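Number of protein chains: 2
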Amino acid sequence: MLLLDGKKLADELKLEIKQSVDALVAAGKPAPHLAAILVGNDGGSLTYVGHKVKACEQVGFQSTLLHFDENITEEFLLNEVKKLNENPSIHGFIVQLPLPKHIDADKVLMSVDPAKDVDGFHPVNVGKVTLGLPAFVSATPLGITKILERYGIETSGKHCVVIGRSNIVGRPMSILMSGQSKTGNATVTVCHSRTKNLAEVTRQADIIIAALGKPEFLTADMVKDGAVVIDVGTTRVTDPTTKAGWRLKGDVKFDEVSQKCAAITPVPGGVGPMTVVSLLLNTLQAAQE
Amino acid sequence: MLLLDGKKLADELKLEIKQSVDALVAAGKPAPHLAAILVGNDGGSLTYVGHKVKACEQVGFQSTLLHFDENITEEFLLNEVKKLNENPSIHGFIVQLPLPKHIDADKVLMSVDPAKDVDGFHPVNVGKVTLGLPAFVSATPLGITKILERYGIETSGKHCVVIGRSNIVGRPMSILMSGQSKTGNATVTVCHSRTKNLAEVTRQADIIIAALGKPEFLTADMVKDGAVVIDVGTTRVTDPTTKAGWRLKGDVKFDEVSQKCAAITPVPGGVGPMTVVSLLLNTLQAAQE
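Protein chains in written order, with numbering that gives the first Met the number 0: chain A, 0 to 288; chain S, 0 to 288.
With the rest of the complex left out, here is chain A (with noise of 0.2 angstroms):
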């Protein structure tokens, strides 16, 4: 069985995105510059926000966090994506959802300027990568496919079951792997709540890739030898063993589906530490376009 080690894949990368940004410096441009917009206190949000700074800190770029109070209008959030939209140093920036409910997340998203939206959630990006044009892919399914990519996992051909149809991982996941790229041309499934006899269909699956949100959901009776499990779940369950409190269960009941398996991302230091390179992949490109 083979792991597919997302940490130590993504420590490779960011050596990757240094190197890119010295030699942009080099040339006497600026370092890619990543602004993030997070409004209120989610614990999640400050974490996952927290975590893309350092990220930032770690490559060279330049980060600017924006912390706002919850209580803010959405007239005050839209004119903050404006100054970023209409700001020439930032060269991509991100609005960590979720957002406070009085706020309309989808008319914040598509404020955002497609040229620095380097999380992918804008329509004009969702729709050309929806066509197989050249766009910024959202984080966590472009850091999906560098896994495929860069553990040489071939995907023409094979069965891909996909289990969410979420806009952030399961939709846009069977899109590129259904797509015409050199990880996709896979015949994809797409699976979800509605779906009868999931088993049945997991089974058949060469390649599975569970985002489902349902700790330990995937057992080994659902997978048939030999495939290729990337487990896509984050859920924090509580674990009075750990400092925290709590620890992250993934979708796949690992123990059991590892013995079963070709290949498999861990939870954590899987797809997590991916998702977060992604992003800055994604910010590289914007301040190298």
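No lab work stands behind these hints: they were computed from the structure. Treat the numbers as computed from the prediction; the structure is a model and nothing was measured. Don't take every hint at face value.
Because identical chains share one entry, a pair is satisfied inside a single copy or across any pair of copies.
[To be verified] With a cut-off of at most 25 angstroms between alpha-carbon atoms, the simulated DSS-like pairs for lysine-lysine come out as follows:
| hint | residue 1 | residue 2 |
| --- | --- | --- |
| 1 | LYS195 | LYS157 |
| 2 | LYS195 | LYS181 |
| 3 | LYS259 | LYS213 |
Given the structure of chain A, go ahead and fit chain S onto it with the hints provided.
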């Protein structure tokens, strides 16, 4: 076996559209106005645009055909698109494909105002459809969902196999069928030229959407008893017994598959007529907004 009569359904929908147009006009508003840009003299394109103009007349729409020489420049065409974008009397317009090779079709489609993009080809509309947001759904996929809806074909929890991953049919159909809508919620498998053991996959399907453009490709042995079969193929094959010297063939071997399935669209008279009427539905929607 239920014949899914797209011609009859299209006629019914045209009557309903006509009633909506009459209501608009009675309320003192202008009738919906569809414009079409046609470049060159491709035989198929002339026929398709002719059908669209005729359909406009049938439902009381205004229509404008801009027919340009195949030697026009890209710049000229982009300027014509700009004029239509800015013309308040035009509610929606289409640029008939294919365009001559010296013109960048993606660039032209990107220049169409998404609010007038009744073909649903602009990345913003494609992206919104992918994200499950309200948008113009392109005509053939919209026509197929109307057939499923009006004939009361249950899709939720069914296994739908889409053969083909083109941007105008296969890709959007796979997204719509697996999305959260009344003609969605299916488990969807996308098959294409790289798919291995295609017949094994299609034999599992409750619903098959054949959109690969190979006449009579889908044979009875590839279909399970009681499946619903949607035939999107429209290939002209030589036939000296007809006046035109050719006739349309679908992707499904109708004579044998129709014996086995629960419901099927014929070719011609199935998806084709629904495609034209879907363009009218989108234009009506554009005029009502």
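Report task. Check each numbered hint from earlier against the structure, then list the numbers of those it violates in ascending order. Result -> Checked against the structure, no hint fails, so every one of them is satisfied.
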